[in-house]
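Please arrange chain B on chain A, whose structure you already have, making use of the hints.
Quick mapping for you: the protein sequence lines, in order, are chains A and B.
Anchor point for the first sequence: position 54 equals 54 in the working numbering, and the numbering is continuous, going up by one each time.
Anchor point for the second sequence: position 68 equals 68 in the working numbering, and the numbering is continuous, going up by one each time.
I should point out that these hints are in silico values taken from the structure, not numbers from a laboratory.
Please note that the accuracy of each hint is not assured.
[What the hints assert, rightly or not] Straight-line Cα separation of at most 30 Å, DSSO-like style, residue types lysine-lysine; simulated pairs:
hint: 1; chain 1: A; residue 1: Lys57; chain 2: B; residue 2: Lys66
hint: 2; chain 1: B; residue 1: Lys110; chain 2: B; residue 2: Lys124
hint: 3; chain 1: A; residue 1: Lys88; chain 2: B; residue 2: Lys110
hint: 4; chain 1: A; residue 1: Lys25; chain 2: B; residue 2: Lys132
hint: 5; chain 1: B; residue 1: Lys66; chain 2: B; residue 2: Lys110
hint: 6; chain 1: A; residue 1: Lys88; chain 2: A; residue 2: Lys25
[Claimed, not checked] Far from chain B, by Cβ distances over 10 Å, these chain A residues were calculated:
hint: 7; residue: Asn21
hint: 8; residue: Tyr23
hint: 9; residue: Glu34
hint: 10; residue: Ser50
hint: 11; residue: Glu61
hint: 12; residue: Ala64
hint: 13; residue: Glu69
hint: 14; residue: Asp84
hint: 15; residue: Glu86
hint: 16; residue: Glu89
A virtual CB, placed ideally from N, CA and C, is assigned to each residue, including glycine.
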Amino acid sequence: MWLDDFFTGQTTSQLIPGIANMYIKTLFFATCREITGERETAFDLVDGASVSDLIEKICGEHSAFRSMEASLMVSVNQSYVDRDQELKEGDEVAFIPPVSGG
Amino acid sequence: MEASLRMTGDVYRIQEECIASDALYESVLRDSDGAVTSFAGVVRDHSLGRDTKHLEYDAYQGMAEKKMEEIGDEVRARWDVDRIGILHRIGRLEIGEISVLIAISSPHRKASLEACHYTIDRLKEIVPIWKKEVWTNGEAWVEGDPSSPAPTKQEDQG
Chain A
1 MWLDDFFTGQ TTSQLIPGIA NMYIKTLFFA TCREITGERE TAFDLVDGAS VSDLIEKICG
61 EHSAFRSMEA SLMVSVNQSY VDRDQELKEG DEVAFIPPVS GG
Chain B
1 MEASLRMTGD VYRIQEECIA SDALYESVLR DSDGAVTSFA GVVRDHSLGR DTKHLEYDAY
61 QGMAEKKMEE IGDEVRARWD VDRIGILHRI GRLEIGEISV LIAISSPHRK ASLEACHYTI
121 DRLKEIVPIW KKEVWTNGEA WVEGDPSSPA PTKQEDQG
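In isolation and in its complexed conformation, chain A is listed as follows (with noise of 0.2 Å):
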């Protein structure tokens, strides 16, 4: 597929031949943004991937994202989620610290 092609040239040690891959856009607000030190990226996930398997992900890169994840909330497509949340391609998904308007 010609978006796999697309993808590879950034990514090849992530992507597993023969299963699909998807990418996820994450966002990260307030104290997640500064230990991720950016407020949009993307993950590339195997097919199925839930939202611990991003949690993971994001861990393996940014370890102090490990002692403050338990205390995030997480939407996907703006709406709140459970970890167990399976991803599908085109999902957004934000890590939201404990929230603090008004």
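Showing chain B alone in chain A's frame:
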């Protein structure tokens, strides 16, 4: 909720522009209303013993406006209110500026009084907005509302 069922005239908005204290009054008030209750959250000059220079607010804008709208649905399920308006600012706010404005109209006062209190409490629980306090010698994101316990997942989805 389908667009056809959505009450027209409600306002749910995240904005960078300043909020005037009467910004929602005209838009929520109709001839059938006997009351308008409004609440303004304002930037104060101190927090937990420290002098605040200013605040910076950030939001997950699309989801924040969606959650405000959900709070409007919750309000309508509980009280006989007419129109609901919620504005919340993002960006840099100076001392004395309005960070959040809520205005709710109703035929009788009790509904809008109670609904307004509920709305600001709910906003502080589930709407993805964060404030950063900036002091003379540092800054930090505030996490959660120190004056109330963290919401459970069930409450959020209910």
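* Please work out if Lys88/A and Lys110/B have their alpha carbons no farther apart than 30 Å. => 46 Å, violated
* Within a Cα-Cα threshold of 30 Å, do Lys66/B and Lys110/B meet the stated pairing? -> 26 Å, holds
* Asked: Are Lys110/B and Lys124/B close enough, with their CA atoms no more than 30 Å apart?
  -> 22 Å, holds
* To do: Classify the label on Ala64/A as holds or violated, using whether its beta-carbon is more than 10 Å from each beta-carbon of chain B.
  => Check passes; 14 Å lies beyond 10 Å.
* chain B versus Glu69/A - minimum CB to CB distance exceeding 10 Å, so not interface -> 13 Å, holds
* Asked: Beyond 10 Å from every Cβ of chain B: is that where the Cβ of Asn21/A lies?
  -> 26 Å, holds
* Asked: Given the hint that Lys25/A pairs with Lys132/B, does the C-alpha gap stay at or below 30 Å?
  -> 25 Å, holds
* Beyond 10 Å from chain B, beta-carbon-wise, is Glu61/A? -> Non-interface label on Glu61/A holds, nearest chain B Cβ at 21 Å vs cutoff 10 Å.
* Any Cβ of chain B at or closer than 10 Å to Glu89/A, or is the non-interface label fine? -> Consistent with the label, Glu89/A stays out of reach of chain B, its closest Cβ about 19 Å off (over 10 Å).
* Asked: Regarding the pair Lys57/A and Lys66/B, is the alpha-carbon distance no greater than 30 Å?
  -> 28 Å, holds
* **Nearest-CB test (10 Å) between chain B and Asp84/A** => Fine: 12 Å to the nearest Cβ keeps Asp84/A off the interface.
* **Cβ separation check - Glu34/A to all of chain B, threshold 10 Å** => Violated: least Cβ distance 8 Å, not greater than 10 Å.
Hint compliance for this structure: hints 3 and 9 are not met, and every other hint is.
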